[in-house]
Amino acid sequence: MTLTHLQRLEAEAIHIMREVVAEAERPVMLYSVGKDSAVMLHLARKAFYPAPPPFPLLHVDTTWKFKDMYALRDRMARDSGMELLVWQNPEAKARGINPFDHGPLHTDMWKTEGLKQALDHYVFDAAFGGARRDEEKSRAKERVFSFRTASHGWDPKNQRPELWNLYNARKAKGESIRVFPISNWTELDVWQYIQLEGIDIVPLYLAAPRPTVERDGLLLMVDDERFPLREGETPVMRSVRFRTLGCYPLTGAVESEAATLSEVIQETLLTTTSERQGRAIDKDAGGAGMEVKKQQGYF
Amino acid sequence: MNSEPIYQTDALIAEDIEAYLAQHQHKTMLRFITCGSVDDGKSTLIGRLLYDSKMIFEDQLAALESDSKRVGTQGQEIDFALLVDGLAAEREQGITIDVAYRFFSTEKRKFIVADCPGHEQYTRNMVTGASTADLAVILVDARKGVLVQTRRHSYLCHLLGIKNVVLAVNKMDLVGYDRATYDTIVADYAAFARSIGIESFTAIPISGFKGDNITAAPSASTPWYDGPSLVEHLESVEVLSGVDAGKPFRMPVQWVNRPNLDFRGFAGQIATGSVKSGDAVRVLPSGKTTTIARIVTLDGDLNEAVAGQSVTLTFADEIDCSRGDVIAVADDPPQVADQFESTLVWMADEALIPGRGYWLKLATQTVSATIAEPKYEIDVNSLEHLAAKTLELNQIGVAELTTDKPVVFEPYADNRTLGGFILIDKITNATVAAGMLHFSLRRSQNVHWQPTDVSRQHHAALKNQAPRVLWFTGLSGSGKSTIANEVEKRLALMNRHTFLLDGDNVRHGLNKDLGFTEADRIENIRRVGEVARLMADAGLIVLTAFISPFRAERDMVRAMLPEGEFVEIFVDTPLEVAEARDVKGLYKKARSGELKNFTGIDSPYEPPERPDIVVNTVEMTPEQAAQHIIDKLLPLK
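Chains as they are written, first to last, in the numbering used here: chain A, 1 to 299; chain B, 1 to 637.
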């Protein structure tokens, strides 16, 4: 019996999660409510069954996520029996940082700074993330165990070699590890696993008529009354879905009729635009946008 | 876009997505590495594989086209290498500096490619990529033939146990697709491969740039070639996990799952073989046996599980089993030993220090290990054995190693999981080496502990005292010997049985063969530690006065003794004060260069992080320091 690629990817992710729990003092799972997070949570439940996963979920919230995301987040935390920690950067909150008025500062303060604050506040020494190597060029070279200095910096030239399935989780006080158990999965693997395992995802991934405006080349959804319409903009009902989910004013939708998982996979396979293209964030700083963000501590 | 039949799934996706998904779901997975010299066209080949399997999206393609024109090396044509070379730093240098993992799939398989660097100084990255690979693609530039680097890469792949080797003779377009050129290279390589023990390989003439024999063969330009295309070959090779499934059952325990008093499961990934409920198993290193009760998963209990799967097992009997143990088939278990011959690949800037303790992680076992001076270093270019005192970054050597606890293992050639290990520096926590165990050394099998009837507790009770090792550490001239002598006098007045081991005195006898290099200093402390331990076993209170500058060695001695018996006493004297005293005139000699490796001058002193007792000799007289120590130690019973 030869295992299929999905069986091997699942076994590898479970192995990685168990190593972290065995060797780290205070692990946490970053939970963004996206499809990759959904897969991660499902794998964690499998890894530690019949016990609940022995770590909390951490949602670094920007207060600008889609309403459907908050609803699913709360339900999943309840169902899994795990503790859900929600962190909102108090400084960003006090200053009213938002994606409409503050541009890149919004991501920097709510997400990058917020994540560092939360990890420091709870003293987590290992954080699971759902990043994949196929997403973006610089991620292809990131280790499964990625070491961060006490100030959360990432040095791409000074990462530990990873041989076989042996992970060195030793670190000095104050240092932490980001761990990426689904590094070797592709977008198609994630979709197919969601379908095969019947994993709950945010309905926004499936096409439905939604109020949208076209702005700066992105198709944005008017998810609540905080969305300031510019002159001449009127929300139009379009059948759209989302390939990735972030803050609703920063996440572009694609026009689509794919209302089932199979149809979404079909469109994904036939499409010619890569997954992160709907996100404004990667386009900063030329070709090396994500790499620069990561050195600063972005996940 | 180059549409060869092998990737023509678009029609199926569009017409019958369910059928396509059913097909994709049952694909197996092959991991392979590509290696070659700097200009052999690795990145171009991988870029081509991704491009042909439609793993490049339109926006990436647009970026690739504009990048190609800006910094590409192919004129106005698409430079596939740019797609593959990721990090900003390396884009400037134009060479791949790390291992990058890429993904593509065909109708039959999903592939993970480790893109390994060809640059001279990056042996460590290649070894990393090879460690998880089922197959290696060795690229050779048809214009250049088999180079020194080709030999090195082939040797490393062979060392890491890769059985499937592909010799891809690339850039055939630049030699006019000349068959004779190809045949000569293949013959050259065959002679070399045989000499290092590669039993077989598959040679394929290709052009990564033009696409010849990548997905279909023979290409129009190579009608003389009668073998498979590269992709066809990759699709047909047997994967490692399939081979492992046929071996005896072994599962290293990662984590004990204990959600409540009624459930105790052992979680791990099966390394080799298969297991069924009711199977008789043995837990190592204890050797206790039981049978498997259940194979537990979230989706319900399994009847059987095989190599590669992550599962949770429960036992029919309550026997001890914890992280680091190995569950194995009862009648064919792996070996347990604490001395081995191994091959090491050194991966850190700081060289190997023979005799120093490193953490050794093998499967889920982490133990302390010391490495002997290498038997020899292997020149990866000529494959000659060279004499070596140590191993430096990117050097490979064979050395004996000793662990402080027995390790469950199998030779690497039989089992990658139970034979492959990493070494971790105890201070910096860096991964400093990768290694492969070959066999256990006879002496560890034949030397057994001789049980004695009068125990160490008896010895101590007769003397009416608790044994201790009072370990004085500090700079030369700090006052260690003076204070230790004073402490011993006071203990003797209290009728305690003591013995003082002094650094200088021991070097006249037991350790007169040792000098002052880092390795000799470590061996000096190891021997003193062993002697102190024997004396503590005899019930004595042992005092030692050695500079013992390295934390790792003091911790090594601490680990030799029962908890609480090692008392680290830091004689804290600033360097200026010790140097001003200069009782033996040694600092003067060291400053003048007459004395090498002198602690504090040209050799470091690592002060204790958490000493049990500290005495400050600037503020205290030796008598006060001695009394302070005695006060801290009492009652000593």
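None of these hints come from the bench; they were simulated from the model. Idealized CB from N, CA, C, for every residue including glycine. Among the hints, a few may not be true.
Said to hold, decoys possible - DSS-like mimics (lysine-lysine), calculated; alpha carbons at most 25 angstroms apart, straight line: (1) B:Lys426 to A:Lys171; (2) A:Lys46 to B:Lys512; (3) B:Lys584 to A:Lys171; (4) B:Lys288 to B:Lys426; (5) B:Lys375 to B:Lys405; (6) B:Lys489 to B:Lys389; (7) A:Lys116 to A:Lys46; (8) B:Lys426 to B:Lys512; (9) B:Lys389 to B:Lys426; (10) A:Lys173 to B:Lys426; (11) B:Lys210 to B:Lys144; (12) B:Lys288 to B:Lys247; (13) B:Lys108 to B:Lys144; (14) B:Lys247 to B:Lys210; (15) B:Lys276 to A:Lys46.
Unchecked claim - Incomplete in silico selection of chain A near chain B, CB under 8 angstroms: (16) Glu19; (17) Lys171; (18) Lys173.
Stated by the list, open to error - Computed Cβ-Cβ distance ranges for the label pairs, DEER-style: (19) A:Ser151 to B:Thr184: 49 to 59 angstroms; (20) B:Phe516 to A:Glu25: 38 to 48 angstroms; (21) B:Asp178 to A:Ser151: 40 to 50 angstroms; (22) A:Ser151 to B:Ala280: 52 to 62 angstroms; (23) B:Lys276 to A:Thr2: 12 to 22 angstroms; (24) A:Thr2 to B:Asn381: 35 to 45 angstroms.
Now the hints, each set against the structure:
1. B:Lys426 to A:Lys171: holds, 10 angstroms
2. A:Lys46 to B:Lys512: Violated - the C-alpha atoms of lysine 512 of chain B and lysine 46 of chain A are around 60 angstroms apart, more than 25 angstroms.
3. B:Lys584 to A:Lys171: violated, 41 angstroms
4. B:Lys288 to B:Lys426: Violated. Lysine 288 of chain B to lysine 426 of chain B sits at ~32 angstroms, over the 25 angstroms cutoff.
5. B:Lys375 to B:Lys405: Status holds; Cα separation ~23 angstroms.
6. B:Lys489 to B:Lys389: violated, 43 angstroms
7. A:Lys116 to A:Lys46: Given pair lysine 116 of chain A, lysine 46 of chain A is violated - Cα atoms ~28 angstroms apart, limit 25 angstroms.
8. B:Lys426 to B:Lys512: violated, 29 angstroms
9. B:Lys389 to B:Lys426: holds, 21 angstroms
10. A:Lys173 to B:Lys426: holds, 14 angstroms
11. B:Lys210 to B:Lys144: holds, 18 angstroms
12. B:Lys288 to B:Lys247: Cα-Cα ~21 angstroms, so holds.
13. B:Lys108 to B:Lys144: Roughly 34 angstroms between the alpha carbons, so the hint for lysine 108 of chain B and lysine 144 of chain B is violated.
14. B:Lys247 to B:Lys210: Violated, at roughly 42 angstroms.
15. B:Lys276 to A:Lys46: Holds, at roughly 20 angstroms.
16. Glu19: This hint holds: glutamate 19 of chain A lies near chain B, its Cβ roughly 6 angstroms from the closest one there, short of 8 angstroms.
17. Lys171: holds, 6 angstroms
18. Lys173: Where the cut-off is 8 angstroms and the nearest Cβ of chain B is about 11 angstroms from lysine 173 of chain A, the hint is violated.
19. A:Ser151 to B:Thr184: 49 to 59 angstroms: Holds, at about 56 angstroms.
20. B:Phe516 to A:Glu25: 38 to 48 angstroms: 39 angstroms Cβ-Cβ, so the 38 to 48 angstroms window holds.
21. B:Asp178 to A:Ser151: 40 to 50 angstroms: violated, 57 angstroms
22. A:Ser151 to B:Ala280: 52 to 62 angstroms: With a Cβ separation near 53 angstroms, serine 151 of chain A and alanine 280 of chain B satisfy 52 to 62 angstroms, so the hint holds.
23. B:Lys276 to A:Thr2: 12 to 22 angstroms: holds, 18 angstroms
24. A:Thr2 to B:Asn381: 35 to 45 angstroms: holds, 38 angstroms
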